[in-house]
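Next come the chains, spelled out residue by residue.
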Amino acid sequence: MRDLTTPEVRDALVEYLYALADDELLVGHRASEWTGLAPILEADVALSSIAQDEMGHALTFYQLLEGLGEGHPDDLAFARDVGNFRNAIFSELPRGDWAFTVVRQYLHDVAERVRLEALANSTYEPLAQVARKLIVEEKYHLLHDRSWVAKLGSATEESHRRMQAALDRAFPYALGLFEPPDGEAVRLEAGIAPAEQELRDRWLEEVVPFLESATLRVPARQENGTWQVLVEPVYGGRRGRHTEYLETLLDAMQMVYRMEPGAKW
Amino acid sequence: MTVQERYEEAYNDPYYEEKLAEFEARIARGEKIEPDDWMPPEYRRQLIRLIQQHANSELIGALPEGTWIPYAPTFKRKMALVAKVQDEVGHAQLLYRAAETLGKPREQMVEELLSGESKWSNVFAYPAETWADVAIIAWLIDAAAIINQTIMATGSYAPYCRALKRIIYEESFHIKHGYEMIVTMVAGTKRQRDMVQDALNRWWEPIMMFFGPPDKLSVHTRTLQRWGVKPKTNDEQRQEFLSKYVPQIWDLGLEIPDPNLRYDETLGRWVYTEPDWNKFFRVINGNGPMSKERIAVRRLAYEEGRWVREALEALAKRVLTQPEPTGIVA
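Sequences listed follow chains C and Z, in order. Once you know that position 58 of the first sequence is 58 in our numbering, the rest is easy, because the numbers rise by one and skip nothing. Once you know that position 226 of the second sequence is 226 in our numbering, the rest is easy, because the numbers rise by one and skip nothing.
Don't read these hints as lab results, they were simulated from the structure. Since we're looking at a predicted model, the values are computed, not measured. Fair warning: there could be bad hints in the mix.
[Stated by the list, open to error] Stretches of chain C that chain Z covers, calculated by requiring three or more beta carbons in the stretch to come under 8 Å of a beta carbon on chain Z:
| hint | region |
| --- | --- |
| 1 | 34-47 |
| 2 | 63-77 |
| 3 | 158-166 |
Using N, Cα and C, we set each Cβ at its ideal position, and we do this for glycine too.
This is chain C alone, in the form it adopts within the complex (with noise of 0.2 Å):
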C-alpha cells in the first residue's frame, strides 16, 4: 500500500484497527466472566477457549497500533480512557444470561468472519496476513455458537422464549458493528478495508436465515435484493461514546495494571 505515509490514510487505519481490537477485547472479557460459572462443565471449557482466542485477537490488533506507533498493548487496552475506546456498544454490554451470551457471540462471530475475508485482501499487508491467521479460528468459533443457537432457539419454551429475548435485544445493537469508523472513505480509496454497509449486508445474509432456521424472528427482510433492517441500530460506540457498562468494566479490568504506574505485573 503506498499511502500510509500521509497522516490521513494512517489515522484512518488506527481508527479501525482500535475498532477491531476493543471489539475483541471486551467481547472475550465478557465470555471470560462464566469462566468457572457456566450451566455445564463442558460449556465452561469451551466458552474458557473462546475468550482466550478473542483476547488473543485483540492482542495481535494492538500490535499493529504498537507497529504504527500507538503504544504498547498493555497500555493500549489497560490504561486507556473510556473515551477513546471505539468498540460497538454491543460488545461492551453485560454477559447477561446464557442465552444472551451465546446470541452475542454468534452475532459477533460471524460479523468477524465477515470482515476478515475481506481484511484478507486489504492492501495494508500487515493487517491483510492477521486477518487470513484468524480466520481459522473463527470457524471453531462458529460451530461452537451455532450449535448452541440451533439448539437453545427450540429445545423447551424456556429456551425459545429466553433466546427471543436476547436476540430481540441484541440485534439494534449487533447492528452498531457495522457503524463505520472515522475515515471510510480514506480506507476505501486506499483499499485498506471495505466500506461497513457491504459488510453489514453479508452479514444479514448469514444470520437472517440461520436464525430463521433456529425458530428465531429476526428484524430484517430482504427486497428486491436489498436488505431492510425493522430496528434502529444503536450507533456511538465508534465515535467514543459508550454506557456506564464500559466505565465499570474498565474500571475493574484496569485496577491493578493503572496500581503503580510503570510496573511490572
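Take the given structure of chain C and dock chain Z to it, following the hints.
Okay, now just chain Z, sitting in the frame of chain C:
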C-alpha cells in the same frame, strides 16, 4: 446399587475373606484396580469420598481465582488466568467422571456439594484479597496440590491415576506461571513486594493445613495406605512440601510467618508451629471465612444454568424418541 447394598452383599458373601486377600495381594504386587474389578465396599466408599472431594475442590477452587479474571493486569496474565481457571474446571469434570466409574452419578455429587454434605479443600474457604493472592495461590497452593496429587497418582485405582496424570501435567504449568508472577512482583516496587508478603502471611496457615491433620489425629491412615488409596500420610506430604518450597520462598527474600519453622538436622525433618486444627475442622465443615459465599455462588450458577440443562435434556430425549427416518434402506 447403593452403598448400603454393597456392604450387605459383601457381608453375606461367604468368599469375602478370600476375595479381600486376593485384592490386597494384587495391590501389594503394584497392580491397578479397574472399575469392574472386585473391591471391598469400604475401598469403594473411601475412594468415592476422596475423588469427590478432590473434584469439589477443583470446582470451588475455580472461584477465588476466577473472581480475579476481570482484574488481571496485562494480556499475558489475563489469558493465562482464564486458561488456568479453565484447567481447574476441566479437572473437576475429569474427576467427577472418575468418581462416576465407582457408581455415583454426577448430579448427586453436585447436589451433595451444594448441600454441604460433601467437603472440599480448606484453602478455598479463604478470600483472595489482592492480585498477589492470585500469584500465591497459583504458585504455592498448586505446588501443595501437585505434591498431594503426585502421591495419589501412585495409588491403586486406575481411573483416578489416569485423571491425576493429566491434571499434574497441567498443574505444573500453573506453578511456573505463579512463580513467575511472584518473581515479577518481588522484583518490582515496594508496594508490590508488600502485597506479596501480605498474601504469604495470610495464606501460610491455610497452606500448612492443606495436607490435613497430623497423622496422630488421622484415623483411617493405615488401611488406606495398605489399599493404595492414600500412599503417603498427611505429615509425609507436608514435609515434602516444606523441603521443596521453604528454601525457594526464603531465596526470594520473603518471610514465612512462623518463628519456629526450621529444618532440624537431628530429627531429620522440618519443625513448625502446629496449626490450629480445631480451626481446620471448623473450616472444612463449612465455617471458613468464605465457605458459605463459595457455595452460594455455585448454587446461583447452578440455578441460573438450570434452564440450559433442562433444554439439553429435552433435546436428548427428543432425539431418542424420534422415529427412524423412513424411506432409507439400510
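* To do: List in ascending order the numbers of the hints, as given earlier, that are violated by the structure.
  => none
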